[in-house]
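Just so you know, we're using UniProt numbering here: the sequence shown kicks off at 1 and counts up by one.
Since the hints were derived computationally from the structure, they do not count as laboratory data. Just so it is clear, CB atoms sit at the ideal spot from N, CA and C, and this is done for glycine as well. Just so you know, not all the hints are guaranteed correct.
In silico BS3-like links for lysine-lysine, alpha-carbon gap of 30 Å or less [unchecked claim]:
#, residue 1, residue 2
1, K462, K487
2, K96, K139
3, K596, K608
4, K601, K371
5, K645, K595
6, K464, K487
Pair ranges (Cβ atoms, derived) [what the hints assert, rightly or not]:
#, residue 1, residue 2, range
7, E92, P622, 35 to 45 Å
8, S126, P649, 38 to 48 Å
9, H448, D130, 51 to 61 Å
10, K402, N540, 54 to 64 Å
11, E437, D179, 14 to 24 Å
12, K665, M479, 42 to 52 Å
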Amino acid sequence: MNRGLALRLEGLVQLRGACRQLRALSYRKVWGARWKPLQAPAHPLCSVLLHPQPWPKHGLVGVALAQRRHLATKEEPKKKKKRIPLTRGEVEIRQKMTIEELARAMGKDVDHIYEALLYTDVDLDSLEPDSVLHEHHIKMIVQKSGMKYKSAKLKEEKERKNTDAGVFLAFCPRRPPADPAVLTPRPPVVTILGHVDHGKTTLLDSLRKSQVASMEAGGITQHIGAFLVHMPSGEKITFLDTPGHAAFSAMRARGTNVTDIVILVVAAEDGVMEQTVESIQHAKNAGVPLILAINKCDKPEADPERVKQELLAHDVVCEEFGGDVQAVNISALKGENLMVLAEATVALAEMLELKADATGLVEGTVIESRKDRGKGPLTTAIIQRGTLRKGCVLVAGKTWAKVRFMFDENGKAVDAAPPGIPVEIMGWKDVPSAGDEILEVESEQRAHEVIDWRTYVEQQEKLKKDMEVIEAKQKEHRMEYEQQQQKLAHLTWRQRKAVLYKANKHLLFQRPKDRREVAEDTLSVIVKGDVDGSVEAILNILDSYDCEDECKLDVVHFGMGDISENDLSLAEAFNGVIYGFSVKANDSIKKLADKKGIKIKLHNIIYKLIDDLKEELNSRLPPAVVETTIGEASVLDTFSVTVGKNKIPVAGCRVHKGLLDRKMKFKLIRSGDVIWKGSLSSLKHHKDDAQVIKAGMDCGLSLDRNLEFHVGDDIICYEETEVQQKTSWDPGF
């Protein structure tokens, strides 16, 4: 009996231990690392049956024996896993972290970072998720969030190898100069400069025997034209016709940078003008010799000698005055003395001994670039070294091309372009900028390497500039913060927190601005042009806008090509106006613009486009109120009249100029200061009410406000009219 009871008690103890172990295992599954595993008991554990089983014939003793037999098997030994130490609450930081990167490292959202920065010297309005934070701000945010920080291991970035085009050796970054033995004569590149409407294009038109000027809008050149002219003597001359308008200063500078000789065209009846002086300066900066062409000498008012005298003030000395500048009197319209000018150009080119290497890799300069609907991106270029052929792989700026076709100035396909020859190149992946250097590379893979390197360099330069701006801004805000803290130094921390909360309350409840919510006093514009130089000229003019206090001017997009649906979408989003220069908008685009209420303004002459833009700016300005004086009167005496229980001041006046009309507005002037503005409550002549008091008549009047009159005060009757304001912006022409 005692033995059976002992076995029964032992089985119950083991069953109880098994249940306890099962509970511990279930807890560990649910709560993971929160619960420590229990120590294994000294005796083997029993299994727990999930379904009720009938009792064996030996009762509890049989159960206990069965459980002991079942648990006698050995458990397989488990492999011990290496515990990874947890680093909760520790943030790995580094320099130049953005808000987004810091939030990701902390496991927080971006709003948490903004909230932590609320009571710092950082200007929250200027921050974006990709804004870079200062190191001490990063540490402060981590600490205020109840975390610890540790500096990330710095990865030593290997210096990237320069893979730009034309780089051969570390000590020779550009292609070495050509061997004099392989140099061959090339045509001179001649740029025609001068003031607008002085006859530059007409001169080139006469030399080419074509009608270039008649095809240009407004009779003025809108972009650079590059032409090859064959002289009767057999020589070839490459001419560049640049715009003379003030808006195209960058184009003229670009023209002189690729030229050998400058022909300065001056009208004999106008003399030296603003763009004439600028052209002289461009030629001097480029170190290019001048030939003076005095045009329009067939006109009766022409005075070539006056032109030569005026040029002396700008260090342009003609040969007859002991200088080295050839002067030729011509008439481009009638074709007079054009051969003399051409011979002078050829003679100067022979003196310069212009030669180039026509072998090896191609080098050149982009004169102009544009987009063509059928041909894609096109560039007008002048080859300066090597011979350009179909299939050549070129790089310019951050784009590249595999030459598919080449055309001359007449649109005729050519197979090769030697040095000094202007050519239009087809096959670019994107439109390069005018003035970019063209370099030939060995393969398309090499072209991709060059573009990647140039993009990398540009990003590094941008990052450097951004960091300089950010550091300057942070320094400014830090000084403001320190000054603010000094003002609050006498307050307790609770008072200081309350003051700061009230000051920054608007930041907590301010609704984010939608980019579509554009202020009424902002003019957003989209600029589209036919060629890169035209867009550049317009943007240069818009950069001179300095009337932000009147109306903000925002260029939201610019590019080349006809007006597209993407332009309409941008104009709709920003409530903007589309300005097109020498481009078109098809009927479907115009209908869609009318439906959406979007303005499309197309022009072929640049100064008309700018005038239109100024009119649009004027329409955005609020009307100005102009006061027109109708009559003036002087106070000769003062008295008061009792009306009910109130005493009303009354002025006895005499009108000495114009008339007083009770319907109009009045103002009271004392010692030159305006004391009151408003309306009259009464106007009487003797004892009768009057509507109008004319000059020379006496009257009594009272104001709509109880003011004491003084003898000698002036009463002015005036009328207010609204007049449309005009912008004070002066684009310079």
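Which hints, by number, does the structure contradict?
1, 5, 6, 7, 8, 9 and 10
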